[in-house]
Amino acid sequence: MSFPSPKKPDSYFPPIASVKIRNAAGGDTFDPGEEVPVSEMVNMIVEALEELDNEEGSTVSEIKRFLTSKKLMNQNADLRPGIILALKTNKIKRPLSAVKAGVYGKYVLEEAESDTEFSLRSPKKGKMNKGSRSGKTNRTRKT
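Residues in the sequence shown are numbered from 57 upward in steps of one, following the numbering used here.
Keep in mind that the hints were calculated from the coordinates and are not lab data.
Wrong hints could be hidden among the right ones.
Okay, derived cross-link-like pairs now, SDA-like style, lysine to any residue, Cα gap no bigger than 20 Å in a straight line [claimed, not checked]: (1) Lys156 x Val116; (2) Lys162 x Glu107; (3) Lys127 x Thr115; (4) Lys162 x Arg121; (5) Lys126 x Val94; (6) Lys149 x Asn132; (7) Lys127 x Glu103; (8) Lys120 x Val94; (9) Lys120 x Asn130; (10) Lys147 x Phe122; (11) Lys126 x Ile139; (12) Lys120 x Gln131; (13) Lys126 x Glu96; (14) Lys126 x Glu103; (15) Lys144 x Lys127; (16) Lys127 x Gly161; (17) Lys120 x Asn132; (18) Lys149 x Asp109; (19) Lys120 x Ile139; (20) Lys120 x Gly161.
Let's have the full structure, built from the sequences with the hints guiding it.
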């Protein structure tokens, strides 16, 4: 005995309401299920950080909560590519206090001119010549 199988199992579910929403730039409209271009996502993230205006930095979940409440983005959207591009183009940065504390999930807007420059990379040291000793040793030479 064989059981009948549905030809299209997804056809039994009601269609998802398609609501057109505006992007942060105010020009095009996006479907919530569509992929948002990364350049538009950067604009949305910058707009969210302007509105949140937290000196200590805003987390990714706070940014996502703001964007979904304004109907700019779907809740399941991934903000990571937009945040990475915004960091590379210096539109946003990690706050100095968060970097020193080792917290990497907070972001603030980049000011026009930064007073304090902080780099995660250690300062470059001068090259050592291989095979030669850079300082004095405890040994004395007998001649």
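How the hints compare with the structure:
1. Lys156 x Val116: holds (19 Å)
2. Lys162 x Glu107: holds (15 Å)
3. Lys127 x Thr115: The hint holds at about 19 Å.
4. Lys162 x Arg121: Judged against 20 Å, a Cα distance of about 14 Å means the pair holds.
5. Lys126 x Val94: holds (18 Å)
6. Lys149 x Asn132: With Cα atoms ~24 Å apart, Lys149 and Asn132 exceed 20 Å; violated.
7. Lys127 x Glu103: Cα-Cα ~13 Å, so holds.
8. Lys120 x Val94: Holds - the C-alpha atoms of Val94 and Lys120 are around 15 Å apart, at most 20 Å.
9. Lys120 x Asn130: With a Cα-Cα distance of about 9 Å, the restraint between Lys120 and Asn130 holds, given a limit of 20 Å.
10. Lys147 x Phe122: This hinted pair holds, its Cα atoms lying about 18 Å apart.
11. Lys126 x Ile139: The given pair, whose Cα atoms are some 19 Å apart, holds under the 20 Å limit.
12. Lys120 x Gln131: It holds: about 7 Å lies between the C-alpha atoms, which stays within 20 Å.
13. Lys126 x Glu96: holds (15 Å)
14. Lys126 x Glu103: holds (11 Å)
15. Lys144 x Lys127: Measuring from Cα to Cα gives roughly 26 Å; hence the hint is violated.
16. Lys127 x Gly161: At roughly 23 Å apart (the allowed maximum being 20 Å), Gly161 and Lys127 break the hint.
17. Lys120 x Asn132: holds (9 Å)
18. Lys149 x Asp109: holds (13 Å)
19. Lys120 x Ile139: Cα-Cα ~11 Å, so holds.
20. Lys120 x Gly161: It holds: about 13 Å lies between the C-alpha atoms, which stays within 20 Å.
In this structure, the hints that do not hold are numbers 6, 15 and 16, in rising order.
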